[in-house]
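**Q** Here the protein sequences line up with chains Z and X, keeping their order.
Residues 1 to 242 in the working numbering are what the first sequence lists, from first letter to last.
Residues 1 to 114 in the working numbering are what the second sequence lists, from first letter to last.
Think of the hints as simulated: they come from the structure by calculation, not from any bench.
No incorrect hints appear here.
Subject to a maximum C-alpha distance of 30 Å in a straight line, what follows is the list of computed DSS-like cross-link-like pairs (lysine-lysine):
| # | chain 1 | residue 1 | chain 2 | residue 2 |
| --- | --- | --- | --- | --- |
| 1 | Z | LYS101 | Z | LYS82 |
| 2 | Z | LYS195 | Z | LYS235 |
| 3 | Z | LYS195 | X | LYS81 |
| 4 | X | LYS81 | Z | LYS235 |
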Amino acid sequence: MPETGEFLEVSIWREQDGDGHFESFQVPRRDNQTILDVVSWVQQQADPTLSYRFACRVGMCGSCAMMVNGAPRWTCRTHVQKVADDNRLEIAPLRNLPVIKDLAVDMDPFFDKWVAAEAVFEPSQTRDDPMAPITPQDPMRIAASDAIECINCAVCYAACDVVAANPDYLGPAALNRAWSLVNDSRDDGQDARLKAVSGGGGCHNCHAQQGCARYCPNELNPTLSISGLKRATAKSLLGWGQ
Amino acid sequence: MLNLHLYMAQRLTALIMAPLTVGHLAVMIYAVQGGLSVAEILARTQGSLAWFLFYGSFVFAVSIHAAIGMRAIMFEWLGIKGTALSLISWGVCLLLLVLGGRAVWAVTFAGAGA
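With the hints as constraints, model all of the structure from the sequences given.
**A** The structure is reproduced here in structure tokens:
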């Protein structure tokens with residue numbers, strides 16, 4: 001990539017053993033530069049002890065999300081020119097998750113909540129049964145498709161103020177996944193799932209502020225999915241079925 | 001900190017409050033067209049079971065609805081949890097019920113026939 005002659009003023013969060021601070025770096029600005037390019041330049045050219053996480057670099061794996069100038073972003077697909085404020089960048093670990101070191105966060109709480117939300121497929125048939133006939137026009141299939149392209153990046157989890165206020169809240173991603181499974185006619189775990197999303201950390205805590213929908217890099221709308229869960233649980237309580 | 005039952009209680013009380021609020025505003029706008037004194041209002045409400053039920057059910061719904069809303073705010077903003085959260089939430093509910101109930105009683109049956 002050609003250099004532009006300009007430099008970015010980059011503040012990067014450094015943390016080890018619970019002791020953290022921002023550290024400044026000057027990074028050459030280049031055309032078509034992503035935030036992950038900036039972090040990689042710092043790690044390769046300025047300080048090899050910088051810890052961060054990435055894998056695919058093409059927006060598939062959901063590993064590289066960080067806070068950039070205060071907002072959660074998938075850094076491999078976020079261009080500097082889109083988010084830099086007068087050539088300044090502040091890069092920090094994802095909000096609402098414990099820091100392991102520098103920009104790498106512990107994703108365990110995030111994935112533990114997927115399990116707690118029963119956001120796991122429970123098969124109703126075996127491999128010996130015939131294929132379930134589900135057409136693309138099926139309304140449940142369409143609702144599931146709207147929620148299904150999640151890459152588990154935790155951007156929505158970091159954007160959610162309810163997660164920040166209530167550490168028990170299951171969060172947008174786990175509830176979005178639960179909703180896609182509520183719409184899977186092959187699934188046999190609906191009662192347990194609706195019960196799992198109805199507790200003190202469940203879907204009813206969502207204030208519908210839509211931070212998740214605003215920042216989801218795949219343009220999903222977890223708030224809409226959570227609204228679906230609210231309807232489904234209410235109908236279930238009133239005995240109206242799904 | 002809302003579970004399904006608190007969520008449903010808040011939504012159902014909102015369903016009760018919405019038509020009562022519209023009714024309150026409509027009657028208020030209609031009644032003050034030609035000017036209305038306190039005595040004229042009380043003449044209509046004193047001894048009226050209908051107005052007692054109208055505003056009584058509103059106070060009942062508000063007490064539950066507001067207490068659940070306050071519970072979420074107290075948990076998320078002030079970090080109050082556990083038994084303290086439940087006690088304060090019930091306290092808010094009872095306070096609104098007593099204050100609202102006294103007001104409704106005052107304009108309907110207290111001093112009725114006096």
